[in-house]
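Novice: As a plain string of letters, each chain reads:
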Amino acid sequence: MSRLEVQFSKKLKSFTMDMEFSMDGECLGILGASGSGKSMTLKAIAGIVTPDSGRIQANGRVLFDKAEKKDLPPRKRKVGYLFQNYALFPNMTVAENIGAGMRGSKAEKKRKIAEMTERFHLSGLENQYPYRLSGGQQQRTALARILASEPDVLLLDEPFSALDSYLKEELQLELREHLKQFGGSTIIVSHDRDEIYRLCDRTMIVEEGCNRICKDTKELFLCPEKTAAARLTGCKNISKAVKTGENRVRALEWGVELTVAGRIPENLSTVGIRAHDFLEVPSQDTAGKGAGESGNSETDRVQKECNCFPVVVEEEIKSPFERTVLFRNAANPAGSMWMKMDDVSRNFLPRMVEVEPEKILLLTD
Amino acid sequence: MDWSAVLISLKTASAAIVITFFTGIAAAWLVESIRNEKLKMICDGILTLPLVLPPTVAGFFLLYIFGVKRPVGQFFLDYFGVKIAFSWSATVLAATVISFPLMYRSARGAFEQVDKNLLYAGRTLGMSEWSVFWKILFPNALSGILSGGILAFARGLGEFGATAMIAGNIQEKTRTLPLAVYSEVSAGNMEGAFVYVAILVLISFLVVTGMNYVTWAFQKFNRR
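Heads up: the protein sequence lines correspond to chains E and C, in order.
In terms of this note's numbering, the first sequence opens at residue -5 and continues consecutively.
In terms of this note's numbering, the second sequence opens at residue 20 and continues consecutively.
Chain C on its own, in the form it takes in the complex:
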């Protein structure tokens, strides 16, 4: 039993959800406000791509962009002294990219559910776009946004394919829980794998139950 895997996993998923939560909402709002329907569809397609691609393909692209010998990876190494590939930041990068579409799509769905007349009413009352967003759109979409956030967190926690591609499987550095399960099983140690599996099942169950609770609490509050 190696507790570092638990720690790395939680740290990675937490860092990733902080990033995806805000970028996902911002992307949803931006795409939502595109007037050209075709452009909207194309932007939506690109942002959703990591959800439908096999994670190894997403990982391949990440490696292609952020690899030490690639321009972007080289840039980070030269100017910031940060080596992204095969470091902890690579696990965060992989989890962020893979969980982003879940956050983005949930936020968009939540925004679309909000009665458009509420937004028009806010505008005709003289509210700025900024207030319309923070005082009307966001609070009325909050339950959908929060359950999207929880889903994205769970997806980040379970990320395997892309992480293996760009972060590798380095013990006490990039070995997250799913990678630990894989390593134990490939070493023929089923009992060792069982502990990690149990922890993952427990956390996932708590997350899904938490999501249900959030939805329930909001429905109770927002009975219209």
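Only chain E is shown next, with the shape it has when bound in the complex:
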């Protein structure tokens, strides 16, 4: 079983990193804002930077241990590192790049290079220099080069950031297949949540060099628990909030009270609503329900339960397959909220919105 255990701390200019996690042959995603210490974590595992203290162990081999004064040089760590710009050697051809980290006799290397070029769809490009390759071909060459050196652990630093968006999805599918074949522990660092969602079994949220939360990727997107996690998984609407009742919270920045489902945590600090989870209340209902104050107690109760409130639209942004609307609470104008809708054909702007209690994310810091 391929196991990676990481625990280290390192003082940086603006904060002190304090990282701890472990993994078993799976694919772990690290999500974080720029400068949050994601890449630094990979560099510490690969031995490019030296932590101030801690211990890093892969497959039972100690790579770094401050207490034991052990610090293996990068070339002995068997940690493959895919750099953001792929770091292909410009003075070597594709075949030479792939062979750069190989051991063994000349014939053996030649056979293995042929096997790798085949497997990574690089046949015919063996004698090209990297500058002649497309972004996708460069990525394949870099990956082939790393896997040819037979690492125990694979680290991918923003693997798709250097690529055109139309190439990304295809290459993500391809990468998923290669990772399955590799089978060892893999870490993907990214600030792109789609990438992480598609490729990683588990996801860790990193903020100021610390592991804020780490759990199953699908679960994390469904229930982020932490404010940072909600923000990094793409939640557009986050407001400071206080508990006002058994299943009621007040979103301070939006000036609305909301009914929520599930237990409200004691140390609740914010609530989050994904832009897709706001629903437009059809206009005939709006007319019937009134603006909130004048309605009878029955409609008030319904409105409360379905978190229905009238809104003033501030701005509408149209993209090819999506409509984004920026609005405020009409009764109590405060901070604005985002809403996204799939039907681009409609020109109608919502006058009233609702959000199901189950969809409201209860977050702590």
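Since the hints were made in silico from the structure, they are not lab data.
Just so it is clear, CB atoms sit at the ideal spot from N, CA and C, and this is done for glycine as well.
Take these hints with a grain of salt, some might be off.
[Claimed, not checked] In the DSS-like style, the derived pairs of lysine-lysine whose C-alpha atoms are separated by at most 25 Å in a straight line are:
(1) 135(C) <-> 100(E)
(2) 72(E) <-> 135(C)
(3) 57(C) <-> 5(E)
(4) 4(E) <-> 59(C)
[Unchecked claim] Just the calculated beta-carbon pair ranges, DEER-fashion:
(5) 71(C) <-> 63(E): 38 to 48 Å
(6) 121(E) <-> 96(C): 51 to 61 Å
(7) 334(E) <-> 231(C): 50 to 60 Å
(8) 96(C) <-> 56(E): 56 to 66 Å
(9) 237(C) <-> 337(E): 55 to 65 Å
(10) 161(C) <-> 334(E): 45 to 55 Å
(11) 223(C) <-> 56(E): 53 to 63 Å
(12) 55(C) <-> 308(E): 49 to 59 Å
(13) 205(C) <-> 90(E): 55 to 65 Å
(14) 58(C) <-> 236(E): 49 to 59 Å
(15) 121(E) <-> 224(C): 35 to 45 Å
Based on the hints, put chain C in the right spot on chain E.
Specialist: What follows is chain C alone, placed relative to chain E:
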């Protein structure tokens, strides 16, 4: 017209560039790998000093160290039977010391230009420091290193001050082209000086053009 000056100059500059080329690269690599920033700056300062000092001051130090009556000069004379000061080897010594910083600085600049991720990539792929240097760092810094070498060669060819201090101006022995120009002019023979000047201008022009060609050829090859 004394052809020995041309010959001595070319021989001196060639010998000096062979020495500075390798020591300059080695020094650049060593200083580059010093982790302590302050120590790095001090080492860099010492190695660059001959470039900024007046050549006569550098020559003064050389004379002070390698003079026949000084310990080091005495040592060479006693144990190897080599008299350094005021011999051909002194012209090489002067040209080497004066042109060394140009080679060293060019090589350092060329190394610094190489993307550090390339070196890290090599290391994480399991390459030794030796292979990282010869297979990655050196080939990718080659154009900068070569143009540094050409500059250092030209500087060695034109060396005057330090050579005059430690090698003197002995005809057919230590009189290089710049010294020949000086001698002709001090003797009031402007026409004689003109021939040497023409030769120096010609060689210098060829060298600079050669350097431009090397840079151009590499850029064409390494279009990234």
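Novice: Against the range 55 to 65 Å, how does the distance between the Cβ atoms of residue 237(C) and residue 337(E) compare: consistent or not?
Specialist: Cβ of residue 237(C) to Cβ of residue 337(E): about 57 Å, so the range 55 to 65 Å holds.
Novice: So the hint says 49 to 59 Å: do the beta-carbon atoms of residue 55(C) and residue 308(E) match that?
Specialist: Cβ of residue 55(C) to Cβ of residue 308(E): about 57 Å, so the range 49 to 59 Å holds.
Novice: Range hint 38 to 48 Å: satisfied by the CB atoms of residue 71(C) and residue 63(E)?
Specialist: Holds, at about 42 Å.
Novice: Regarding residue 121(E) and residue 96(C), is the given constraint of 51 to 61 Å on their beta-carbon distance met?
Specialist: 58 Å, holds
Novice: Is 45 to 55 Å right for how far apart the beta carbons of residue 161(C) and residue 334(E) are?
Specialist: Cβ of residue 161(C) to Cβ of residue 334(E): about 53 Å, so the range 45 to 55 Å holds.
Novice: Okay, residue 223(C) versus residue 56(E) on CB: inside 53 to 63 Å?
Specialist: Since the Cβ atoms of residue 223(C) and residue 56(E) sit about 59 Å apart, the hinted range of 53 to 63 Å holds.
Novice: Return holds or violated for the Cβ distance of residue 96(C) and residue 56(E) against the range 56 to 66 Å.
Specialist: Holds, at about 57 Å.
Novice: So does residue 205(C) sit 55 to 65 Å from residue 90(E), Cβ to Cβ?
Specialist: Hint holds: Cβ distance 59 Å, inside 55 to 65 Å.
Novice: Falls inside 35 to 45 Å, the C-beta gap from residue 121(E) to residue 224(C)?
Specialist: 38 Å, holds
Novice: Regarding residue 334(E) and residue 231(C), is the given constraint of 50 to 60 Å on their beta-carbon distance met?
Specialist: 58 Å, holds
Novice: Does the structure keep residue 57(C) and residue 5(E) at a Cα separation of 25 Å or less?
Specialist: 21 Å, holds
Novice: Tell me if the beta carbons of residue 58(C) and residue 236(E) are separated by a distance inside 49 to 59 Å.
Specialist: Holds - the Cβ-Cβ distance for residue 58(C) and residue 236(E), about 57 Å, lies within 49 to 59 Å.
Violated hint for the displayed structure: number 1, the only one.
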